[in-house]
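Visitor: In case you want the letters, here they are:
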Amino acid sequence: MSEETEYEIALSRPKAFYSAFERKEELQHQTHYCPGCGHGIVHKMLAQAIDSLEIQNRTVLISPVGCSVFAYYYFDVGNIQAAHGRASAVATAVKRTRPDSIVISYQGDGDLAAIGSAEILHAANRGENITVIFVNNTIYSMTGGQVAPTTLLGQVSTTTPKGRQAGNEGYPLHVSELLATLQAPVYIERVGLGDNRQIAQAARAVRRAVENQARGLGFSFVEILSPCPTIWKMSPVEAQHWVRDVMEKTFPLGVLRDLIAQAEPRPVPRPAPSLDEIPRILGVAPPAPAASAERSSPKPASPLDLQVRVAGFGGQGVLLLGEMLAEAGLDAGLEVSWLPSYGPEMRSGTSNCHVRLAQEPVDSPLVAHPDVLVAMNEPSLIKFAATVRRGGWIVYNGEAVPAECPAEGVHILARPFTHIADELGDARAANMLMLGALLEIAGSLPQASVDAALMRLVKSPRWLELDERAMTRGRELFQEAFEGVRR
Amino acid sequence: MDALKRDRGHLRVNAEECKGCGLCIEACPPKVIRLTERINHYGYRTAEYTGAGCTGCGICFQVCPEPGAITVLRLVTPRSGVPRRNHTATTGAI
Ligand SMILES: Cc1ncc(C[n+]2csc(CCOP(=O)(O)OP(=O)(O)O)c2C)c(N)n1
Ligand code: SF4
Numbered sequence: 002m003s004e005e006t007e008y009e010i011a012l013s014r015p016k017a018f019y020s021a022f023e024r025k026e027e028l029q030h031q032t033h034y035c036p037g038c039g040h041g042i043v044h045k046m047l048a049q050a051i052d053s054l055e056i057q058n059r060t061v062l063i064s065p066v067g068c069s070v071f072a073y074y075y076f077d078v079g080n081i082q083a084a085h086g087r088a089s090a091v092a093t094a095v096k097r098t099r100p101d102s103i104v105i106s107y108q109g110d111g112d113l114a115a116i117g118s119a120e121i122l123h124a125a126n127r128g129e130n131i132t133v134i135f136v137n138n139t140i141y142s143m144t145g146g147q148v149a150p151t152t153l154l155g156q157v158s159t160t161t162p163k164g165r166q167a168g169n170e171g172y173p174l175h176v177s178e179l180l181a182t183l184q185a186p187v188y189i190e191r192v193g194l195g196d197n198r199q200i201a202q203a204a205r206a207v208r209r210a211v212e213n214q215a216r217g218l219g220f221s222f223v224e225i226l227s228p229c230p231t232i233w234k235m236s237p238v239e240a241q242h243w244v245r246d247v248m249e250k251t252f253p254l255g256v257l258r259d260l261i262a263q264a265e266p267r268p269v270p271r272p273a274p275s276l277d278e279i280p281r282i283l284g285v286a287p288p289a290p291a292a293s294a295e296r297s298s299p300k301p302a303s304p305l306d307l308q309v310r311v312a313g314f315g316g317q318g319v320l321l322l323g324e325m326l327a328e329a330g331l332d333a334g335l336e337v338s339w340l341p342s343y344g345p346e347m348r349s350g351t352s353n354c355h356v357r358l359a360q361e362p363v364d365s366p367l368v369a370h371p372d373v374l375v376a377m378n379e380p381s382l383i384k385f386a387a388t389v390r391r392g393g394w395i396v397y398n399g400e401a402v403p404a405e406c407p408a409e410g411v412h413i414l415a416r417p418f419t420h421i422a423d424e425l426g427d428a429r430a431a432n433m434l435m436l437g438a439l440l441e442i443a444g445s446l447p448q449a450s451v452d453a454a455l456m457r458l459v460k461s462p463r464w465l466e467l468d469e470r471a472m473t474r475g476r477e478l479f480q481e482a483f484e485g486v487r488r
Numbered sequence: 131m132d133a134l135k136r137d138r139g140h141l142r143v144n145a146e147e148c149k150g151c152g153l154c155i156e157a158c159p160p161k162v163i164r165l166t167e168r169i170n171h172y173g174y175r176t177a178e179y180t181g182a183g184c185t186g187c188g189i190c191f192q193v194c195p196e197p198g199a200i201t202v203l204r205l206v207t208p209r210s211g212v213p214r215r216n217h218t219a220t221t222g223a224i
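Chains as they are written, first to last, in our numbering: chain Z, 2 to 488; chain R, 131 to 224.
Because the hints were derived from the structure by calculation, they are not lab data.
Bear in mind that the values here come from a model prediction, so they are computed numbers and not experimental data.
One thing to keep in mind: the hints can contain errors.
Heads up, simulated DMTMM-like pairs for lysine to aspartate or glutamate below, C-alpha to C-alpha not over 25 Å straight-line [stated by the list, open to error]:
id	chain 1	residue 1	chain 2	residue 2
1	Z	K16	Z	D77
2	Z	K384	Z	E400
3	Z	K384	Z	E424
4	Z	K250	Z	E178
5	R	K161	Z	D196
6	Z	K460	Z	E424
7	Z	K25	Z	D77
8	R	K161	Z	D246
9	Z	K460	Z	D427
10	Z	K460	R	E146
11	Z	K16	R	E146
12	Z	K163	Z	D196
13	Z	K250	Z	E170
14	Z	K384	Z	E361
15	Z	K16	R	E178
16	R	K161	Z	E9
17	Z	K25	R	E147
18	R	K161	Z	E239
19	Z	K250	R	E156
20	R	K161	Z	E7
21	Z	K25	R	E146
22	Z	K16	R	E167
23	Z	K460	Z	E409
24	Z	K234	R	E156
25	Z	K460	Z	E405
Computed list of chain Z residues with no C-beta within reach of chain R, every gap over 10 Å [as the list claims (entries may be wrong)]:
id	residue
26	H40
27	S158
28	P407
29	L458
Even glycine gets a Cβ: it sits at the ideal position worked out from N, Cα and C.
Using the sequences and the accompanying hints, generate a full structural model.
Guide: In structure tokens form, the structure reads like this:
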């Protein structure tokens, strides 16, 4: 017999499947699906698409909750199993974090159309560059056959024992049609597993939906009418025919959206920061140990990633001080954030704001460990002094930092700024005095940018003049205190 | 064997993987797949090739829900050269 030499393998187990499924001890080459289950057929066409597009090593499959919850045992790709209904939201996150990956959200109709209806709607509306494979078998199969949004009118389920009634359970939800009302999706098609021709078309649609993503075109969605012989209480062949002869009447097959020819590749989002960077970005990392920070040789905070906290009581101009710094940074071409922290005591009591100036885009506007704390009154100093990172600065509106204040390893400029401002013309200019000192610490902001910010934020000529003088005096106060240190 | 040589296709069924759902039997255009009389150790009657008449169309592979229960082979002829590989199946082979 010459099979081996005369014949060559044309179709065999796709490479995108693991060679053994380690979920159970026995029969590790079989899936857990019931005989004739549509999930198995869809898995195979998806695996073939992954093979043919040669994307196995950059594919991430998002498994749902439902009978296909174990998809990750079968596909030898990156795998995440999402909470019920959240697969397209998780897919969004993965795709945005790893733009080079091919992210496939695999979901059943209970998962996608019931508990996950919000997630899919918004992922589609955002036009996420992901592929969604929506396996519609009209029912919650895994949990034993409860009604789903897609259950046909009159269809019996454990929760609609007399058949689904529109008056009580509503009408079958046409998810593909619903999504096709949105502008963003590039490709939406409903296919079926009702006969050979339908299955061949389904395989083409799945491949297209994955290929669109590989080409960067945007949101692609394939709804697959899929047999569930077990819950439907039919033989596999009967169930297949039911898809074609009954189910298709409620859910007509066809392309509902095809912008593939016109679609431009979507701009690739900037990759997210690595995991290691997150604590720093969120400002939750412990203050970095500054071994060489000594009071005798203060080093200014880096102007390229400056984190500032300004705090005082309402009416001291705390927020304006922070806004001035951010505006000046913006004018100088830096990335900035300004986050005012309004408590319920917005009008009185304390107020504070977070400011960041950086060369790189600012990931979090939160400043938990400032390089510079500008404390305009004592309660603010007490509250925030311990958060200043070692080697950082405290600019304090007072004669001296109280002895009990935890300010070890930080540089301090303590002056009665309110009093000095009063002498300059108005006690309320204390914030601009302190800003002057802060600008010296920040170092590299050009005076022209500071002037531009002042022009933008301060309209009254009297205050413009006073604020300019106050800032200049603030710079001098810093220089007098740290003569020779800065430059 | 001459009869085998004339067939454009050939089929292998992994009896340990097949669950006997019968979808391939329904799908096969020349009807050359049937269920075994014996049951495998897992308790299923499984699909088997009748031994002749396969055209190598591959539709049984496509409708089969199990990853590797069916393997389809195609005759290498001087004219067709190398048979189509797996990945062409979704676009053109069926
Ligand atoms: C938050 C939450 N709610 C409910 C469930 C129970 N549950 C498990 S699977 C499922 C329905 C799955 O139906 P479908 O998405 O249609 O998948 P199928 O099993 O039909 O493939 C439900 C409600 C759960 N696991 N988690
Ligand atoms: S219960 Fe239905 S959907 Fe679930 S594995 Fe069985 S046939 Fe497939």
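Visitor: Hint by hint, say whether it matches the structure.
Guide: The hints, checked one at a time:
1. Z:K16 / Z:D77: 8 Å, holds
2. Z:K384 / Z:E400: 18 Å, holds
3. Z:K384 / Z:E424: 28 Å, violated
4. Z:K250 / Z:E178: At roughly 14 Å apart (the allowed maximum being 25 Å), E178 (chain Z) and K250 (chain Z) satisfy the hint.
5. R:K161 / Z:D196: 15 Å, holds
6. Z:K460 / Z:E424: Answer holds: K460 (chain Z) to E424 (chain Z) is near 22 Å, not above 25 Å.
7. Z:K25 / Z:D77: Holds, because 17 Å separates the two Cα atoms, which is no more than 25 Å.
8. R:K161 / Z:D246: With Cα atoms ~22 Å apart, K161 (chain R) and D246 (chain Z) stay inside 25 Å; holds.
9. Z:K460 / Z:D427: 17 Å, holds
10. Z:K460 / R:E146: 83 Å, violated
11. Z:K16 / R:E146: 19 Å, holds
12. Z:K163 / Z:D196: 29 Å, violated
13. Z:K250 / Z:E170: Given pair K250 (chain Z), E170 (chain Z) holds - Cα atoms ~19 Å apart, limit 25 Å.
14. Z:K384 / Z:E361: 29 Å, violated
15. Z:K16 / R:E178: 24 Å, holds
16. R:K161 / Z:E9: The hint holds at about 21 Å.
17. Z:K25 / R:E147: Distance ~14 Å between K25 (chain Z) and E147 (chain R) Cα, so the pair holds.
18. R:K161 / Z:E239: 18 Å, holds
19. Z:K250 / R:E156: At roughly 22 Å apart (the allowed maximum being 25 Å), E156 (chain R) and K250 (chain Z) satisfy the hint.
20. R:K161 / Z:E7: 22 Å, holds
21. Z:K25 / R:E146: Roughly 15 Å between the alpha carbons, so the hint for K25 (chain Z) and E146 (chain R) holds.
22. Z:K16 / R:E167: It is violated: about 32 Å lies between the C-alpha atoms, which goes past 25 Å.
23. Z:K460 / Z:E409: 40 Å, violated
24. Z:K234 / R:E156: 19 Å, holds
25. Z:K460 / Z:E405: This hinted pair is violated, its Cα atoms lying about 41 Å apart.
26. H40: 7 Å, violated
27. S158: 23 Å, holds
28. P407: About 63 Å separates P407 (chain Z) from the closest Cβ of chain R, which puts it past 10 Å; holds.
29. L458: Check passes; 61 Å lies beyond 10 Å.
Hints 3, 10, 12, 14, 22, 23, 25 and 26, counting from the list given before, are not met by this structure.
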